Amino acid sequence: MLNEQVLPPWQESDRLAALRSYRILDTPTEPVFDNLVRLAAMVCQTPMALITLIDDRRQWFKAEVGLGWRETPLDVSICAHAILQPGLLLVRDTTQDVRFNGNPLVMGEPHLRFYAGALLTSPGGLPLGTICVLDCVPRDLSAEQAFALTTLAEQVMAQLELRRAVAERDEVLATSRCTERRQALLVRELHHRVRNTLATVQALVGATARSASSIKEFNRSFSARIAALAKTHALLTEDYWQTVPLQEMLMNELQPFAERRRQRFKLEGPPLDLSADLAVPLSMALHELTANAARYGALSIRKGCVSVAWEVVTADGKRRLHLTWVEHNGPPVGEPSHNGFGLVLLQRVLPAQCDAQVHLEFDTAGLRFEISAPLIEHRHVPPH
Amino acid sequence: MNSHGNDAPLVLILEDEVLIGINLQDDLQDAGFRVAGPFTTCSAALEWLQTATPDTAILDAALRDGPCREIAQELGNRAVPFLIYSGYGPDQELLAAFHRITWIEKPVPPSALVQACQELLVSES
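These protein sequence lines are chains A and B, in that order. First residue of the first sequence: 1, per our numbering; consecutive thereafter. First residue of the second sequence: 1, per our numbering; consecutive thereafter.
Keep in mind the hints are simulated off the structure, nothing from the lab. In this text the structure is predicted, and so the values were computed from the model without any measurement. Think of the CB as a built atom: it goes at the ideal place given N, C-alpha and C, for glycine as much as any other residue.
Example chain B residues on the side facing chain A (calculated, C-beta under 8 Å, incomplete): (1) Val18; (2) Ile20; (3) Ile22; (4) Gly87; (5) Glu105; (6) Lys106.
For the chain A half of the interface with chain B, some residues (derived, Cβ under 10 Å), not all of them: (7) Arg188; (8) His192; (9) Leu198; (10) Gln202; (11) Ala207; (12) Asp277; (13) Met284; (14) Val344; (15) Leu345; (16) Pro351; (17) Ala352; (18) Cys354.
Work the whole structure out from these sequences, hints included.
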């Protein structure tokens with residue numbers, strides 16, 4: 001007796017990928033498939049019929065009559081042999097066939113003696129399983145019955161294809177619904193943000209007016225504040241996650257003071273992206289610090305310098321930003337004569353808005369500002 | 001009229017944009033009101049409400065710790081008239097929960113808010 005090893009003309013990994021693309025394995029029974037096996041059993045006049053799919057280690061039954069199982073291991077499968085040959089596998093008496101006369105399902109319960117299976121072939125020519133009829137007594141199939149079984153196999157494949165097309169369509173629909181939801185959310189957020197930004201601008205008008213001593217000063221401070229706010233919003237809009245790199249926020253303010261031959265500012269800290277909730281108030285604060293330095297502090301004379309250093313500190317599982325702004329070599333510093341908008345922002349707005357601790361010191365050697373604020377980790381924007 | 005024995009009416013401000021809140025406070029104080037807050041979270045405002053009652057209130061609709069519903073409910077229970085000042089359009093659910101509610105969409109001139117507060121007080125008295 002020859003132990004024939006038939007090498008199939010396909011890669012098993014391709015076959016399994018094709019099978020899984022139908023997403024049918026381990027799904028519940030469905031009347032359309034149940035009816036096809038009932039019809040197969042009826043036409044072939046057998047007590048048992050199955051739609052079986054050959055997985056990597058098992059055969060799984062999408063539908064069955066007369067057997068009562070949903071799967072068996074692959075080593076007892078007759079269908080695993082059936083998929084090795086095209087068309088219909090007909091075994092009139094399993095006890096007379098060397099491939100099956102040692103099979104536990106033949107030798108023991110349920111004592112299978114007859115097998116006829118029509119191949120389920122993917123459009124790409126890969127065998128996925130069979131629709132088969134079984135009996136406990138030897139028998140044969142008429143040409144009409146063989147034709148019917150082959151036709152039913154084609155119907156099973158048609159159903160599987162339909163199912164896959166529907167699944168793919170549903171996936172496309174789900175993606176597009178997700179995009180729509182994201183879009184609606186962004187529009188609503190944008191609307192809200194525009195209104196809030198306008199309200200913030202309005203508050204800026206009020207606050208600037210309260211501290212300005214002339215229309216000219218009001219105009220200058222207010223325009224500069226709006227420009228600073230606009231730059232931060234531009235950075236926020238550029239980024240999908242609506243965050244701003246701290247380094248860029250600082251550069252927005254300090255870049256105009258850069259000189260080729262002299263270091264006017266020094267930035268030291270790790271790359272860090274800030275969410276809008278922290279970035280907007282902090283950028284306003286950095287603008288006030290820069291404007292103050294340019295008017296009265298280290299950036300008002302040529303040898304002055306600003307050092308900004310920051311780090312991220314983790315305490316109680318929460319990340320905090322620690323940032324220090326120190327001015328050197330500027331003119332002597334004194335306490336400000338009036339409570340301007342910059343001070344209101346640094347000492348009242350920042351702590352309340354960002355849940356931050358701030359410390360502002362008018363050291364004669366140079367102004368010193370420190371802030372410690374929790375980093376806001378949650379994201380407003382849904383993932384792609 | 002208010003629980004503090006002071007003639008100036010007391011306005012509670014609940015607004016999570018601190019700059020907006022501070023500016024509101026300044027405008028209201030200029031117009032002769034006293035201000036409680038500005039509070040930036042519902043929980044801070046609720047805590048204050050445990051020991052005091054304002055004459056009126058300006059509430060942002062969506063705060064960092066959630067919608068202002070609970071505060072609105074509490075003010076409603078005490079028959080304190082209030083207005084919602086929000087960047088969002090009117091919330092139909094919240095509108096339905098109170099038979100009469102003033103909803104002002106941000107932004108409006110400060111004088112309009114001050115006037116709205118005055119009207120709330122007049123209509124209550």
